[in-house]
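Those sequence lines, one after another, are chains A and B. Note that the numbering used here gives residue 545 to position 545 of the first sequence, counting from 1, and the numbers run on in steps of one. Note that the numbering used here gives residue 857 to position 63 of the second sequence, counting from 1, and the numbers run on in steps of one.
Keep in mind that a hint or two might mislead.
[Said to hold, decoys possible] Pairwise CB distance ranges (calculated): (1) A:N93 <-> B:R829: 49 to 59 angstroms; (2) B:Q1037 <-> A:N93: 33 to 43 angstroms; (3) A:K67 <-> B:Q1037: 23 to 33 angstroms; (4) A:E78 <-> B:E840: 38 to 48 angstroms; (5) B:R829 <-> A:E78: 34 to 44 angstroms; (6) B:S919 <-> A:I194: 26 to 36 angstroms; (7) B:D1032 <-> A:N93: 26 to 36 angstroms; (8) A:K89 <-> B:A852: 30 to 40 angstroms.
Honestly, the hints are just simulated from the structure, not real lab data. Ideal Cβ placement from N, Cα and C applies to all residues, glycine included.
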Amino acid sequence: MTWKHFNERRTIQTKLIIPILVVSIIGVAVGTDIIEKALNKQIFSSQKEEIKNFSNKLYYILKSDYKTLFYEFGKNRELFKNAQAAAQKETINTLSEMLKETPYNVYILLPTHDVIPLTAFENAREQKDGRLQLHARAVDDKVMLIDNYFVLKKRFIPWEWELIIVKDTAGFHSIIEENKNLIFATIALLVAAIIGILFLIVHTNIHRPFRRVFEHLQTIKRNKTVRPLQLRSSKEIKLLSAHINGMSKAIFNREKQLRAQKQKNEDILNSQSSIVIVSSGTSIIYANGAFFEFFEQYENLEAFQKKHDCICDFFESVEQEDFIYPQRDTNWVEKILKGDRIYKVLMLKHSQGYIFNISANTIGDKKGEYVLNLTDITALERYKERLNKQLHTDELTGLPNRLSLTEKMLENHLASLIIININDFKEVNDFYGTATGDKLLREYGKQLLSQTKQSSYDVFKLSGDEYALYTTEHFPREAVITFATNLIATMKGIDFYDTSQTRKINLTATAGAAINLESSTIVVKADIALKTAKKKKLSFTTYRDSQETESEFASNIQWANRLKQAFKEDRIVPYFQPIFNNATETVDKYECLVRLIDEQGNAVAPFFFLDVAKKSHQYLQLTETMIDKAFAHFENRSCEFSINLSESDLADFSINTMIMEKLQSYDIGPKVVFEIVETENIEDYKMVSEFICNVKSHGAKIAIDDFGAGFSNFQHVSQLNVDYLKIDGSLIQNILIDKNSETIVEAIATFAKRLGIKTIAEFVDSEEVQQRVKEMGIDYTQGYLISKPKPSAH
Amino acid sequence: MKRSLFLLLVIPLVLFSQTLRFAPLPMLKSELTIRQYENALHYLHEKTGIEFEMVYFANYDKLLEGIENGQVDIAHLGPLPYAKLLMRTEGTKPIVQFLNARGESRYTCSYFTLKRYQDIFKKQSLEPVALTQPLSTCGFLSVASILQKHGRKLEKMHYRYSGTHSQAVLDVVLGDAKTGGVKTSVYYGYEHLGLQELGRTHEFPGFLWVASANVSDRKVDSIRRALLSLDPLHNEQDARVVQEWGSNIKHGAIKAEKKNYEIIAKMLEDITIPELAR
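Taking the hints into account, I'd like the entire structure generated from these sequences.
Here you go:
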């Protein structure tokens, strides 16, 4: 047994024994010594006091004798001297007489070092020598202990005597010695009594109470109810027992709270729809109600643990990154604990798959223990699947849609794509109704599927009336062309019916293909091929044939952007071409022609951008700009000015409104001429007629532009109440070389004259033509002969 | 007429025979002291017709009070007490200043110790100091002025009043005091007992008789004349007249001047005697 063990097994009392014994022994020794010294001191002290008092008495006698001498003879030197000797003698006698029975040895040491004993000494000679040694070591006026003698030396100054008083201490030591044993015994008994009392106190106030405390704590430890501890042996023990009682009450309350909390936690966990399990790291130590609802075959945890250590036994393998299955993910718990993403697991119940989000958390600082939480997201996953399907499927036909095609194309580098567009489907839809239209689209899709069943082409439904056939197999170009051509022909031969199944509808299609090209551009290129086919009125073409169209498209985009920028920078401006009055031979009107001033400051004719403006929806803005600037330019000019308007301009509410506002605000209606272009294509004469009527109410005039080109309608001219006919430039240019042109122009001139309508010849670029124009009686001339269009009307 | 004559004779006599209360030095009241003064007063009565009555005071303080409040007509005072009286009251009239055995009217005070204490100012303590009385010129005043010259302050030292010059000497001789202050003449008287003088003051005027303001100038003159008419140091007859007088009044006298005592009053301005300041 080591000292440590031995020490631990000792009680407080046994531990106290040795120190108490040691302290007692020391105490007795020290106590005895102290008492002995105290006694010595007291005895010596009283003796010293006695000696001092005795010496004072002797000294008083000396002083008195001297005083008497002083007063009687002090002033007379001789008398004093004689009297002094006698007085000294007398004093010695007095003292000797007084000291006869005294226990002291007293003597006087004279200035001559002679000694006058005042008391008897046993051995005069030895005593004398001894006395000399004693008083040699004595100090004036101080009782000293020298060689077991009390010695006091007192100086009497007037006579220069040293009064030496000596007392033997031998007697005292024997007294002290005698008492010493008694003292020792007394102290020893006292110490023993103290030790005994101390032990009793320790036992009563420490040992016994502590034993009760230990018993009390043991009972608490055994979880048994216990009565409050009542210890009152001392204030501290009482306080200790009060604290222990308080603590045990708190422990019980805490336990009660913990039990209630545990139950509450269990209730909360059981109320969760998620499966919650607590694992020790090696086995499940807790599972909530939801767990047993899922694993209904196991009644309780013990039943589960008999067959399985881990819930992961039920995880199905899924080859997706976000799914966990232990065969692949051996440290799956650590993986989940990392928390860098949300993981899922798939478990089967009644052969049906259930998907769970799985999360894990460690428990406090307990190593290895963790909580798993599995939330059923099966319904959500199914919903997502449906949604995904919807996103990738054309609802009408059930075919994969453009998104599916796009995603598929992302997977591959080279592919071939055929886009098939049903011709004039809008008209079919409009004519037969949307129900039939939908039916046709569905059936067309089905037929395409059927026709391509044996091929490696996948069928997709693009927007509207377009379908796509996609393959990643590398076919020779000709094979694809053949396939597409045959397919279109086959589809053309299929009979489609309306919803009543009574009317047969013939559907043709146009297709464009991009063959063995990069998937990233294949759709655009196939689309270009389709547009080219449509433009060229072909049933099918491939991308290679329509590169021109691509550049055209690129050019269109470029012009659209330039036009947009020109508007921003106010570089859309009217140029003015003068119209020469053949009668007055003056210029009294101008035509406003739109120009785009390019970045270099060059004026660009509308030929380059007018079509693009229409296609890029900037045409109306062109018209508005022209109207605005033309009115502003001619506000304070006297001549007329004409603005070109198409039917679409007239039909546009904002253009209409703008024209009326300008006519009203500027109040220069009589100077304004509206040139209506493309009258052959006018469909809504009522609208045009209303417009003409409105503007004429402001004094404005109407001209028909390019009259004579195409199929001009003379009747319309009279109905529309026009003021000018502008004879088409292509006719004027040919009047000298083409008889027909000449005849037509003459006819127009005559017709107009008869109706009172003025005529204007366009594109007159030579004197000869001008001469002929004048001969024909045409009222005005316009063309490069007169002037090119310029930025300002002079 | 007779009555008037009688009155004329009697009244002056009555007036002249008014009793003056005389206070000797406030020392030990001994038969010897009484006899010594009575002899002198008898002489004066014969010479001036004035009746004298002796009154005794234990100390100078009470004596001075007595003079102030009219209980004393004539007092035998030391120079310091008279200087104090001059500071306290007006109207007092100095009568005569007595000579010592050598015919000197002035005296000095000595500060002394035992011969056995060598280099006492450098090596040893001077305390305790034995002084005579607070109002004794050779007491606090003289010792303080001597110690001042050695850079010491008596008021900061342990001193005691022995009561008389002799007692002060005895205290030092017995060793109850280390040093003391007494009249030089007293010092010399006891020098043979093993004393050594440590310092001496300048001369003070001697003891004198002083009349209170109540005493008429005529009486003062009369008394003065009577005392000054004696020259015992040079005249045998005068010596016989005074032989039973006290030793401090039997050697003749001179006229006392107030101005001689005003010097002491000035000293008192520089040196405050604590017991008198209380």
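Results for each hint:
1. One distance hint, 49 to 59 angstroms for the beta-carbon pair A:N93 and B:R829, is violated here, with the actual separation near 36 angstroms.
2. Between B:Q1037 and A:N93 the beta carbons are some 40 angstroms apart, a value that agrees with the proposed interval 33 to 43 angstroms.
3. A C-beta distance of roughly 29 angstroms is found between A:K67 and B:Q1037, which places it inside the suggested range of 23 to 33 angstroms.
4. The given range of 38 to 48 angstroms is respected by A:E78 and B:E840, whose C-beta atoms sit roughly 39 angstroms from each other.
5. Checked against the hint of 34 to 44 angstroms, the pair B:R829 and A:E78 fails, with Cβ atoms roughly 27 angstroms apart.
6. At about 52 angstroms, the beta-carbon gap between B:S919 and A:I194 misses the expected band of 26 to 36 angstroms.
7. The hinted range of 26 to 36 angstroms is not satisfied by B:D1032 and A:N93, whose Cβ atoms lie roughly 49 angstroms apart.
8. Checked against the hint of 30 to 40 angstroms, the pair A:K89 and B:A852 passes, with Cβ atoms roughly 38 angstroms apart.
Of the numbered hints listed earlier, those contradicted by the structure are 1, 5, 6 and 7.
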